[in-house]
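Start from the sequences and build out the full structure, keeping to the hints where you can.
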Amino acid sequence: MKPRTVELLFLVLAGAAATMAYVSVYAGRYGEVSRASIVYALFFVGVFVVLHFVVRWLLPLADPYLLPVTALLCALGLTAIYRLEPRLAQLQGRWLLVGAALFILTVVVVRDPLRLDRYRYVIGAVGLGLLVLTIVAGTEVRGARLWIRLFGMSIQPSEFAKLAIVVFLAGYLDDKKVMLSVPTRRLLGVPVPATKYFGPLLIMWVLSLVMLVFMKDFGMSLLFMAVFVALLYMATTRIVYVVLGAGLFAAAAAFALSVVPHVRDRFDIWIDPWRYAETTGYQLLQSLFTMADGGVVGAGFGRGYLLYAAGDPVVPDMATDFIFTALANEMGLLGAVAVILCYLLFVWRGFRIAVWAPDGFSKLLAGGLATAFGLQTFIIIGGVTRLIPLTGVTLPFMSYGGSSIVANFILVALLLMVSHRTAVVHSGDEVQRRRLAELR
Amino acid sequence: MNRAVARIFVIAAVLFAALIVNLTYWMVVRAEDLRTAPENHRRIAQEMKHPRGDLLAYDGSVLAGSVRRSGYYRRRYPQGSLAPHLLGYDSVRYGRTGLEAELNELLTGESLELGTQGWVDRILGRRPDGADVRLTLVPAVQRAAQQALKGQQGAVVALDPGTGAVIAAASAPSFDLERLESRWDRYSGDPSAPLFDRALQGLFVPGSAFKVVTAAAALDAGAVDPESRFTDTGTYVVYGGKVTNYGGAVYGLHDFTTALTLSINTTFGKVGNDVGRKQLTAGAEAFGFWQRPPLALPEKAVAVSGRYRDGALLEPTEDMDPLGTAWFACGQENALASPLQMALVAGAVANGGRVMVPYLVYEVLAADGTTVSTAEPEMWLEAMTPQTAATLNTMMQRVVTAGTGTGAALEGIPVAGKTGTGEKGDGTNVAWFIGFAPADDPQVAVAVAIDGVSATGGEVAAPIAAAVLRAALEQVSLP
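In order, the protein sequence lines correspond to chains A and B.
The opening position of the first sequence corresponds to residue 1 in my numbering, with each subsequent residue numbered one higher.
The opening position of the second sequence corresponds to residue 1 in my numbering, with each subsequent residue numbered one higher.
Hints were generated in silico from the structure; no laboratory data involved.
Honestly, I wouldn't trust all of these hints.
Sample of chain A residues lacking proximity to chain B, with all beta carbon distances greater than 10 Å (derived) [as the list claims (entries may be wrong)]:
hint, residue
1, M153
2, L180
3, L248
4, L288
5, I381
Derived list of chain A stretches under chain B, where covered just means 3 residues or more per stretch with a C-beta under 8 Å from a C-beta of chain B [what the hints assert, rightly or not]:
hint, stretch
6, 305-316
7, 359-372
As the structure is a computational prediction, the values presented were derived from the model and not from experiment.
Note that the Cβ used here is the ideal one computed from N, Cα and C, for glycine as well.
Here you go:
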């Protein structure tokens with residue numbers, strides 16, 4: 001079967017699931033199955049069908065699973081948000097349209113991901129600039145400085161900076177990987193490459209440290225550092241960088257624990273939420289209680305107890321950080337595991353694209369994006385389930401938040417472009433090959 | 001390079017597997033522990049999927065009903081915030097209190113009292129129907145009590161002395177059950193503690209209202225009779241200290257009835273020591289002091305009256321010297337009493353010396369409307385002999401006709417009572433009135449306590465008691 005046929009088939013399945021979920025939530029709220037609820041669901045399916053045709057037109061050989069998984073996750077997320085706060089779902093729907101538009105724009109403008117490598121330093125500088133901007137002009141929400149306010153909207157630049165820095169690092173590390181893998185001297189018995197090549201990497205470490213202290217955001221800081229170390233390892237295959245990176249981050253984390261009270265709080269709650277049941281630990285405990293109520297099969301969409309009588313969610317920030325809790329309650333363990341497996345499927349496709357990619361830059365780009373996507377998912381799901389300390393990052397495609405959804409649509413576009421390029425290079429498709437060559 | 005990529009994917013897969021294992025741990029292995037954790041009120045949400053029995057007033061009107069909204073049955077309160085402290089709240093967020101907590105198994109239909117059908121239903125996985133509970137509260141009296149308390153910090157308890165049925169129990173300031181969740185922060189942060197039930201949980205210095213207890217003990221012991229003569233010089237010097245009268249008054253030659261009528265401290269101090277600390281505290285115990293009144297409510301919802309120091313209940317005669325005994329006889333010196341307890345004191349005098357078990361549930365009605373059980377009045381304690389009760393009744397009528405309690409008088413109906421002005425030591429008083437009416441055929445006993453005022457019980461509390469007694473006696477039927 002052709003990849004696009006597979007994609008369309010799975011999109012139809014995702015669309016059917018989305019429609020059912022939405023109709024179910026609507027029925028739970030208003031006690032009726034209305035035509036309006038079906039129209040909304042079909043509109044949602046329509047957006048992805050449009051994306052499918054854009055991919056069919058420009059990236060016909062791209063990976064067929066990413067778009068359907070994205071659609072399913074978006075649908076579940078949007079449904080859960082609608083179920084919790086209908087007003088936010090409307091905004092999220094708009095952001096979904098913006099995300100879809102940027103997806104198309106990315107595909108149309110970039111076409112070949114290799115072209116991004118040419119602007120590596122510009123892109124890297126933009127990423128860095130976004131982070132600096134957040135630190136300088138950011139507003140603090142619940143202890144973390146993550147947002148900047150622009151034209152009445154709250155934007156989370158780190159979501160975009162994440163993409164830019166992966167693009168930059170992929171290019172930079174691919175270029176310098178040989179020099180980086182050859183140690184020129186030893187420091188404390190550890191082989192260290194020349195400072196000239198190592199310098200930018202230290203900058204990355206300092207950057208994540210700065211994020212930790214000034215943005216007070218443990219999650220994003222961990223994400224940046226881990227993506228960086230993963231890329232370094234993929235580029236050089238030297239395990240020493242992983243050990244070194246982990247050590248440096250552990251040192252930074254220990255430092256943050258003693259210096260940033262916000263981070264300290266999160267750590268204490270993780271160790272013993274019961275001690276803070278009525279204060280800082282309330283949110284996490286309510287999340288666990290809410291999930292426990294879901295049981296194996298869940299309460300059913302729109303049937304869980306997620307809103308108090310006054311209409312506010314049982315777990316504060318349920319539509320953003322704790323969206324997974326809402327899903328686990330209503331879809332049960334089975335549904336929640338299915339969602340985790342959907343994310344794993346996405347991550348697997350990402351790494352698969354990296355493995356098959358014909359050139360170093362593409363490999364690192366796809367591998368870096370898959371790492372960032374997977375790790376972010378792990379950090380937030382692990383956080384709300386008390387596997388790791390809770391830090392507020394968004395659950396890709398599901399959490400309410402415009403920046404996150406738009407950035408992740410661009411991420412999907414980039415992965416699809418890499419996979420298309422791979423398939424073209426590997427296949428004998430002369431037409432596509434010529435079309436790619438023309439772009440360069 | 002590909003091997004490195006593959007390794008990172010393996011790490012990712014392991015991390016995701018950890019997510020799944022951890023999720024299974026919370027959602028299956030530890031789910032029951034989480035569901036039953038005291039911090040977790042979510043099981044209330046499970047029960048909210050089924051209609052909850054109504055809480056009805058004595059007249060059959062609905063106090064707390066059950067209405068379905070987006071799949072869950074939520075409480076509604078058709079009569080507004082009537083007796084919110086007593087009914088208690090039923091909130092997934094803040095848990096359950098009051099009657100909602102105490103009667104939960106009846107209201108959900110799980111109680112064995114409703115027969116084995118509830119069990120059978122549960123075993124078959126069906127949900128039993130909740131029972132309605134008809135209370136002894138009389139809305140008109142409750143409303144009168146709440147109205148009279150408006151703007152005050154205090155409480156009113158009214159009960160039927162012959163049965164122990166609680167007709168009204170009001171506490172002010174109050175709260176709105178319907179808006180509890182949205183106003184929680186305001187309520188819980190308010191220094192005047194609107195969520196606190198002053199009627200049953202509040203402990204106040206009883207002051208001279210306690211003299212009814214002293215008088216009962218003294219009359220029972222034969223230490224005095226109503227005509228016993230005393231001479232007051234304004235001070236009673238005892239054990240290196242002295243007992244003085246309220247406002248520094250001097251009364252001269254008087255009898256025991258007058259001592260109660262005008263609330264003469266020096267005489268009651270002397271009588272207290274004549275009776276002796278042991279018999280005095282034993283007399284108080286006979287009224288229910290040092291015991292939790294057996295009102296069917298959650299343990300902590302009903303306070304124990306007695307002698308307290310630094311918030312801890314003392315043994316009856318612990319550290320009690322003759323000066324302490326004298327002041328205790330006047331309801332000062334570590335004495336603390338709840339309005340419910342003082343209503344029981346008034347009720348005992350009204351009921352020939354017998355303290356009835358106070359109760360709130362008049363009858364339980366199964367979902368099909370049949371009566372499951374009806375309250376049967378029971379005696380709790382014998383506080384004094386019937387003769388002493390009759391004597392005290394007459395003496396207490398004098399308080400209202402010619403003493404400190406004239407503010408509680410009702411036209412055409414004899415009222416018996418006793419005022420109290422408990423001095424808190426911070427310059428403010430607790431103003432009390434306890435009493436009952438009609439004195440010759442008692443239908444209702446009442447206790448009023450108003451906290452933090454500069455006026456006396458006769459000035460503040462007696463008129464409130466009059467309003468509540470009047471409202472109760474206007475009723476065609478009382479439980």
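These are the hints, each one checked on the structure:
Every CB of chain B is more than 10 Å from the CB of M153(A) (nearest about 28 Å), matching its label as outside the interface. Against the 10 Å criterion, L180(A) stays outside the reach of chain B, whose nearest CB is about 13 Å from its own CB. L248(A), annotated as away from the interface, keeps every beta carbon of chain B farther than 10 Å; the closest lies near 18 Å. A cut-off of 10 Å between C-beta atoms contradicts the statement that L288(A) is not in contact with chain B; the least separation is 6 Å.
Taking the minimum C-beta to C-beta distance to chain B, about 5 Å, the non-interface status of I381(A) is violated against the 10 Å cut. Coverage of the stretch 305-316 of chain A by chain B holds. Counting CB-CB distances below 8 Å, 6 residues qualify, and the rule asks for three or more. Counting residues of the stretch 359-372 of chain A whose beta carbon lies closer than 8 Å to any beta carbon of chain B gives 5, which reaches the threshold of three, so the coverage claim holds.
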